[in-house]
Amino acid sequence: MGTRNYRRKTSHSEHGPGDGGRTGSWRVERPVIDQSLCIPCKRNKEACFICWLFCPDVVISRTIPPKIDLEYCKGCGICAEECPTKAITMVDEAKFSDEVKDKE
Amino acid sequence: MHIIENGNVAAALGVKLCRAAVIAAYPITPQTPVTERLSEYVEAGEMKAEYIHVESEHSALAVCIAASSTGARTFTATSSNGLLYMHEQVQWAAGARLPIVMCVVNRAISAPWNVWNDQQDSISQRDTGWIQMYCADHQQIIDSVIKAYWLAEKASIPIMVCYDGYILSHTYMPFDVPDQERVDAFLPPFQPDYALNPKEPANLNTVTLPDVRMDVKGELAHGYMEIRYLLHEDLRKTLAVAADAEKRYAEIFGRGGDPYLESYRCDDADYVAVGLGSITYQLRVSVDALRKEGINVGVMGVRFYRPFPDAAIAKALKGKKGVIVFEKALSYGYEGALASDLKSALYEHLAGTGHLPLVQNFIAGIGGREIRTDDLTHNFRAATRSRIAKEPVWIGLKL
Amino acid sequence: MQAKTTILSLPTEEFVHPGTRACTGCGLAIAYRIGLKALGKDTMLIVPPSCLTVLQGLFPVASTKLPCLNVTFASTAAAATGILATLKTQGNQHTAVAAWAGDGGTSDIGLQALSGAAERGDNFIYFCYDNEGYMNTGVQRSGTTPIGAITANTPFKGKLQQKKDVPAIMAAHNLSYVAACSAAYPLDLHDKIIKCKDMPGTKYFHIHIPCPPGWGYDPRYGIKIGRLAVETGYYDLYEIVNGEFKLTAASEKLVEKRKLVPVREYFRAQSRFKILTDELIADIQNQIDVKWAGYYKQDE
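Chains as they are written, first to last, in our numbering: chain Z, 1 to 104; chain V, 1 to 399; chain S, 1 to 300.
Simulated from the structure, these hints should not be mistaken for lab results. These numbers come from a predicted model, not from an experiment. Even glycine gets a Cβ: it sits at the ideal position worked out from N, Cα and C. Certain hints may be false.
Stated by the list, open to error - Simulated crosslink set (SDA-like; lysine to any residue; CA at most 25 Å straight-line): (1) Lys217(V) <-> Glu29(Z); (2) Lys199(V) <-> Lys253(S); (3) Lys154(V) <-> Gln90(S); (4) Lys199(V) <-> Val32(Z); (5) Lys199(V) <-> Asn92(S); (6) Lys88(S) <-> Lys237(V); (7) Lys88(S) <-> Val285(V); (8) Lys65(S) <-> Asp215(V); (9) Lys253(S) <-> Glu82(Z); (10) Lys88(S) <-> Glu36(V); (11) Lys154(V) <-> Glu46(Z); (12) Lys257(S) <-> Ala293(S); (13) Lys65(S) <-> Glu36(V); (14) Lys199(V) <-> Thr89(S); (15) Lys88(S) <-> Pro189(V); (16) Lys65(S) <-> Tyr51(V); (17) Lys217(V) <-> Leu58(S); (18) Lys88(S) <-> Ala195(V); (19) Lys237(V) <-> Arg7(Z); (20) Lys67(Z) <-> Thr6(S); (21) Lys41(S) <-> Asn197(V); (22) Lys65(S) <-> Phe96(Z); (23) Lys41(S) <-> Pro17(Z); (24) Lys4(S) <-> Asp69(Z); (25) Lys41(S) <-> Val207(V); (26) Lys41(S) <-> Ala44(V); (27) Lys224(S) <-> Val32(Z); (28) Lys4(S) <-> Glu46(Z); (29) Lys199(V) <-> Thr6(S); (30) Lys217(V) <-> Glu82(Z); (31) Lys163(S) <-> Asp278(S).
What the hints assert, rightly or not - Just a sample of chain V residues kept apart from chain Z, beta carbon distances all over 12 Å, derived: (32) Pro33; (33) Lys48; (34) Thr128; (35) Thr208; (36) Glu226; (37) Ile227; (38) Arg228; (39) Glu233; (40) Asp234.
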């Protein structure tokens, strides 16, 4: 018996994404970035990244342009609200093709 | 080395020899001197341990749970309401499969307040998944603590080492203190299969679903029911491991016997008294007296109450005319806990063999009511003559 | 004097995976994510039952990349003590220990153990993330729920009692460091963690956490509402270093600015305050004004 396979006998979790499943399916709106208004895009250098700072779900990348992981983005809209140049708009999910919804 | 000391000191010496690394201490009568003595060992530098003065018993076991999860050998002690206060943690430690050793110095529970000895405190915890050992004298206390660490770490199951408050904790007896080298030979350093650490991060004991679920590697992981089943299965398996512990202990220390039962004059007895802890030694006086009267009686102490050694008990009692269970606790609303479990074992193993011994249940010593040996003898004798009652009979009641 | 972290100088390593079960727009998720950046990889976490339990995930998947011990509701700080004790026996003086508990798990059921650990001087950081209610169980009132707030068990009259001032209770333990922070000011939170990491004994952080379902607002306004709490002078960002009180970040700037947004705006932005009467709002405004008059005076 011993302590072998202790991890099998206890509630022992290892880390990974998507504990809540494909949380992108929670969205009713998705953020869309207008690169012509986005500061790091316009300047083509590290700047602003307020959207990255405030994203609760780690789905905005700190890149030029910032990219949103639609697999997990819950559509909270904080990025859109906080963007200083209003470069991000929340758009009704229904306006997009069913490419995300079809994924099981 | 033979010394004369009290039961609490015997326990503390056992913990010291086992090199417990984290000790949580909270005072409650009659357990307090155990952790007081440990604080002396730690402050004098005789013991290398982190000694935590916690602010409650709930926190005492919380400290042990966290420390054990991170890879340290831990200890705490408690009694009565202290044990009750930490009940949530008692359940947690078993479900978390942590090899914590805790001394329970048996004391009556409240309401109303009572500081004297009975066994209701530890008996009330029998369903939690902990291993429970009961000691009848000081030698058994120190030996059980040492065996407990080995057994707990082998099984990844916490253990309560129980002994009677005042009757054992505060009285003085001679006993042998094993030497450190032999204890080190018996009990290697704690090597957990997993200890929480940043290099190999894990999330322990979070919400666990009713059903099985895929893990991050794409493999199916147990659900809550499997985890709980494995605790129960491993607990049952410790009966065999306890026998190993006893054998190893005898090899190294020259002391040992039956791992589950301590029998006195039972082989040819027609009637056997059964109990937990020091009452079984008191009953030996009754056994000797009744034997002189020509009644063939014996007494059997049960050393492991959980897991319940049902097969061993049924085998020992097979063919006996009667079994008289004397206990200091009960399951309120029915009968003595040991009596119930014992009847169940007899039924399970002996039903259909043609003979089931009669079982008589006596409740004694509740709240520290003095147990007079004459009363034990009188009631034992009466029980050999006829079955007194189906209900448990309370000895020494003064309604 | 440690340099202020900016968005661009904030460490980029993430310690939380996406796809957690946290609510859309969860304020805790922001504070936790940035807080872990300050704590770093060599950290052990302790979490009692709370929103964070759910955010961290259900067995067998964990969303946090750090080791974490789940514990019973009342025992968070005692568990931190236990982990520290083992680290000491292992000769490990570098691994940080951080407890993250909710306001219920801190101000109510967890207060005893927290006080015990603080009194013992156990060397860890305790984070109370204050979304002002037992949100994980469905928005019941806690000791830190503000007066007048509607919750699931103060449904019509709102909470009748004042918010419990937990930082003040912890400051009374003579701690080396006590901080009041907000999810809306994550860089302030980050820098305070860096500042106090090597200070002795228990360090206490109280973080104001906007909560969309619990407070009643559209999730996109979470940071705005967190900011309003500070800009109205209702919730202050401060630190108490060895007993010395000091406002920080946006609260510190308000002392210079000498102009607070009327607290009514904060209340009107959340449906949990819909039963607040004008009288009560005026009362609260007055309390805020008195408090700030004191700050202005100290500044002179």
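Measure nothing beyond the straight line between the CA atoms of Lys257(S) and Ala293(S); if it is 25 Å or shorter, mark the hint as holding. 13 Å, holds
Holds or violated: Lys65(S) to Phe96(Z), with C-alpha atoms at most 25 Å apart: 33 Å, violated
Lys199(V) and Thr6(S): Cα distance at most 25 Å? Since the Cα atoms of Lys199(V) and Thr6(S) sit roughly 29 Å apart, the hinted pair is violated (cutoff 25 Å).
Distance restraint between Lys88(S) and Val285(V), which requires alpha-carbon spacing of 25 Å or less: 50 Å, violated
Could you grab the alpha-carbon distance between Lys4(S) and Asp69(Z) and see if it respects the 25 Å cut-off? 30 Å, violated
Could you grab the alpha-carbon distance between Lys41(S) and Asn197(V) and see if it respects the 25 Å cut-off? Since the Cα atoms of Lys41(S) and Asn197(V) sit roughly 11 Å apart, the hinted pair holds (cutoff 25 Å).
Quick one, are Lys67(Z) and Thr6(S) close enough, alpha carbons at most 25 Å? Cα-Cα ~21 Å, so holds.
CA of Lys154(V) to CA of Glu46(Z), is that 25 Å or under? With a Cα-Cα distance of about 56 Å, the restraint between Lys154(V) and Glu46(Z) is violated, given a limit of 25 Å.
Just to be careful, I want the Cα atoms of Lys88(S) and Pro189(V) compared with a cutoff of 25 Å; is the pair within it? 16 Å, holds
Proposed proximity, Ala44(V) with Lys41(S) (alpha carbon, max 25 Å): 37 Å, violated
Lys88(S) and Lys237(V) were given as a pair; does the straight-line alpha-carbon distance stay at or below 25 Å? 34 Å, violated
12 Å Cβ clearance of Glu233(V) from chain Z: Incorrect as stated: the minimum Cβ-Cβ distance to chain Z is 9 Å, not above 12 Å.
In terms of the numbered hints stated before, the structure departs from hints 1, 2, 4, 6, 7, 11, 13, 16, 22, 24, 26, 29, 30, 35, 36, 37, 38, 39 and 40, listed from lowest to highest.
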